[in-house]
Amino acid sequence: MSILATDDPIGRYRPSGSAHDEMIDRAGAVRAHWAKLVESYRALGATELARRQDEISLLLEQDGVTYNVADDRRRPHRPWELDPLPLVLPSDEWAAIERGMTQRAELLDLVLRDVYGERKLLRSGVIPPELVLGDPSFLRACDRILLPSNKQLVVYGIDLTRGADGSWKAIGNRTQAPSGAAYALENRRILSRVFPSLFRNADVHRLAPFVRSLRAALQGVSPVGVDDPSIVVLSPGSLSETAFEHAFIATQLGYPLVQGSDLEVRDGQVWLRSVGEQMPVHVILRRLDAWFCDPLELNPESTLGVAGLTDACRAGAVSVVNTLGSGVLENAALATRLPMLARTILGSDLELESVPSWWCGDTAGRSHVVANLGELVLRPSSRIAGGHSIDTALLSSAELEQWRRRIEGEPAHWVGQERFQPTTAPVLADATLRPRDTVVRTFAVARDDSYVVMSGGLARTANDDSGAPIANRAGAISKDIWVLSSEPETLSGFWLAGPGQPASPPMSTLPARAAENLFWLGRYAERAESTLRLLRTINARRDEFQHRGASPGPTAVAVLLDSLTRITGTYPGFVGDDRAALHLDPDDELFALVVDESRPGTVAHAVRHMLDAVDELRDQLSVDTWLVIGSLQRELDSLDPPSADRDEAVTNVLSALLQGLLALSGLAAESMVRDQGWHFMDAGRRLERALQVCALVGCTLADEHDPGTESLVVESTLTAAESIITYRRRYRSRARASTVLDLLLTDAGNPRSLRFQIDRLHEDLLAIDAGHSGTTASTAPPLVLDLAHMVHTAESSLLADADPAGRRVRLDQLTSSITSTLRRCADAVGSDNFTRFVPQHSVVTPAEAPERAS
Amino acid sequence: MIYDVVHRTSYTYDAPVTASFGSVRLLPADMDGQRCLERTVATSPESESHREHTDYFGNTAATFAIHRSHTQLVVTARSVIDTSARPSRFADTGDRPWESFAAPANAGFAADLTALEYSIDSPLVGRTRALADYGARSFAPERPLADAVLDLSRRIHTDFAFDAKATDVTTTLDDVLELRKGVCQDFAHVMVGALRSMGLPACYVSGYLETDPPPGRARLAGADRTHAWVGVYLGEGRFTGVDPTNDRLAGPRYITTARGRDYADVPPMKGVIYTDADESTLTVEVDVAPR
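These protein sequence lines are chains A and B, in that order.
By my numbering, the letter at position 203 of the first sequence is numbered 203, and the numbering carries on one by one without gaps.
By my numbering, the letter at position 34 of the second sequence is numbered 1034, and the numbering carries on one by one without gaps.
Be aware that a few hints might be false.
With a straight-line cut-off of 16 angstroms between C-alpha atoms, the simulated EDC-like cross-links for lysine to aspartate or glutamate are [to be verified]:
| hint | chain 1 | residue 1 | chain 2 | residue 2 |
| --- | --- | --- | --- | --- |
| 1 | B | Lys-1270 | B | Asp-1055 |
| 2 | B | Lys-1270 | A | Glu-670 |
| 3 | A | Lys-120 | B | Asp-1112 |
Chain B is faced by these chain A residues, among others (derived, beta-carbon under 7 angstroms) [unchecked claim]:
| hint | residue |
| --- | --- |
| 4 | Gly-134 |
| 5 | Val-843 |
| 6 | Thr-845 |
| 7 | Ala-847 |
Hints are computed from structural coordinates only; laboratory data are not their basis.
On a predicted model such as this, the values are computed, not experimentally measured, just so you know.
Cβ coordinates follow ideal geometry from the N, Cα and C atoms, glycine included.
The whole structure should be built from the sequences, with the hints applied where relevant.
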């Protein structure tokens, strides 16, 4: 019994004093709606709970779930943290939140329509005009831009918590580009996998209908005259804090994930730059703050946006969701007006109140804030005006005086908010449940005349016990929210309810940027693989012949080291001025060729660029990809700083990396649909492998050596080209250059041969071309035909012949001309299909133009 | 007076531009008493899409987009404007004490978004202590608005020297106040800022001014300039234009193209281009020809 008691994860949980606690009531008893779960956690025990926590971390890592921290360029991806315990809420309580949220969304929608339309609410003073006019999020360029739907506010996010009295209060409105929904979906996916029976037995409301509602809402804002809109998700890119979310939501919705540079305004219409033909874009779900969306009319400095987007909205050719001007609804001062707005506009009381706040822009509010300055939290009215919340209770009296003066100087910029003790929920930290401050974010989307609210959301809890504000940047721990249904739900109830949307044909357009990243993913993956195979081969040879004097072994090693520098292009390396010294002690250079990320030609450089390409392709690759990708980065990181036995560590890492890369090509072969995207990736892989084989053969076999050396070099070449077994089986003889060239250059059946790569490349390019609309002729396929001709007519026995000086001149000529044709072909694939990057500049003419040039 | 205005803006680049997007405010509207009889804007190369809209401030804005490779862009705006009804005197209401036009005394402003828009801080013109101190000397209690405003304009004209090299985009308004140098845009900003600091709503106006040729010389086509001055808001949508650069009212020899809170709202032309070019050369020719 005693073992059981200490293993009880719940028994020792004590809420911390004044706050409301989600699980335990004031009397110390487990709240009724938690009872079933608490029973299950007791049955599981603390040890098992901790084990499941580890499982959660592993699954999140495998799914590649991160929250990026922009200021850490080297390791920008911070793992997402999910607590094993959900936040549990009874159905009726959630229903009240839903009602309150719907009402707030409806109010904010009317405000949005008004401030960019007639501005009656401002003129009548219901909303003080300065509150809106003084907010930088009020975008005058967006005046009169309206969506062709009932609702202007399409997606609404809210932050909630509850006070000591147990009532829910709104802390903030998110209307610009509310984030978090995808994290909520992912949290649910993970928890339901780690606690399958717990989840099944709890009758939890599902989140999936929310995605369907969002899809319907986006289709619902389709421009006038467009029945089947094409929709994209606009992201600032893979370095954004919430890049995971953007890709995940795009995948869930089934819409392409694009960046500003993928879109173009032409003839008043937005187009997606795609492979083949341009695709018109009718609806954009933006995950980018409006300010960055259009360098022409919003912010000339932004390179993330689409020039002319505002005018395309104005023309009604595209609907941006939420509207570009919607950020003004996040104004903290506006929240103080909602009760009055509810009474004035809706004739009813506000159901879901905000945490009590006072706007300093009006006299009464200002005097209240100034009089109570040491007890309030000061918040900037506008989120983008800059500045953070200040807890004035932590300020000295001199600082308070400064703030008083500052508020008097710019009163409209500040809102005083009551200091609010958020609700606490149990969080598993160091194998113990601790009460942590908790806030809830949930979402509503427009549907016809009203809103539908997600049946759940994202809870975030403080990551320590300090009482500091909860922020993802600071490393908050997230929780799933389980809204318990009062009666079991039937699946049919979800999928058949509501207005049906006609199924659209699947989107077959491949954005040009995605094609380019797939192509480079193929190239870098292959480059990493061949480089590390070569390094492994050389290491093995060195181990074999270390510390032996003049003999074929060391000469062969020297040939291989020279070749290594030439193949990888890592000059001066083993062929530079200090050649002799480096050949005597090659360890540091060999190590650098594995780990030096900044040096082109190294394994780390190839892996880094491959991972960067993968980051850009989150919406294109399967979930399993993350299983593989995560391990590659970890392996490379393990070599920095180098351990005591560096050589052994390198050997292990090279093996592990090779496994990862093989797994990746396995996924490409077995888990990817053979669509255009796949052909781009395969074309990249084939081109790179062809280049690598040419370089390998051209360098290692450039000169004829004495038979002993020759045989060792040739064997190493076969090993590096992963063809040694085939060779031995087929030729059963000592390795000879002519037969090696047969196998590596001209054999049609060897998947490592040059000919095999060229034949496959040809197929890939034909498949890519089939997707083109055919206005201009592609330039890459003719080059592949040239290549095929060169390879098909090559005579291995002639190539193996050396001149009197021992040089294989014909081989050198052939590999050189094949290499240059391959490079031209790679460039041609780019110019045929990818968007050339052209720098963006902003110009503005001065008020008083310069004198005419004379 | 009726004017034929031609405003030609040319950019020459040292490498091809693959795409060029522009937004121009060069089309005078019926405002400030003037009547616009004709107006067009054209680009070379020809724009593939051309749209016009009335912006938030009531100006006509035109947008264009060119998707052909080019190394020179020429934007030509032509208009015919009758300015005879532009006021040459300060409005009669200017006899009233200035305080009656200023927030918070003027209760009528509460429901007048124009008044509010032009009296709060804008991106380039914030109300500062220095501007308030500078302005206050012209605003003795109960002084008639017209007197006070014209006094402020005269002081700026006297105190500030025209110097095209003294200021750039990084110069703040307080810097200008300290330097006492600048161009018409700076003088207009100083005046707008001083008025706002007194609680008076004022806007920035961009447009043209008919200039006289040097004595004894013939009028030279294309030698005129774009110009900027100040609109003092009098309520009910009415403004009086005052030009501190030349210390006079913006009367019938002035043509308004756009008004905004400050220069940032109404540059004559702004654009986004895509190019490898590092250098561009801008030339502007303005011809304000009386008929």
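> Tell me, which hint numbers fail for this structure?
Replying inline: Violated: hint 2 alone.
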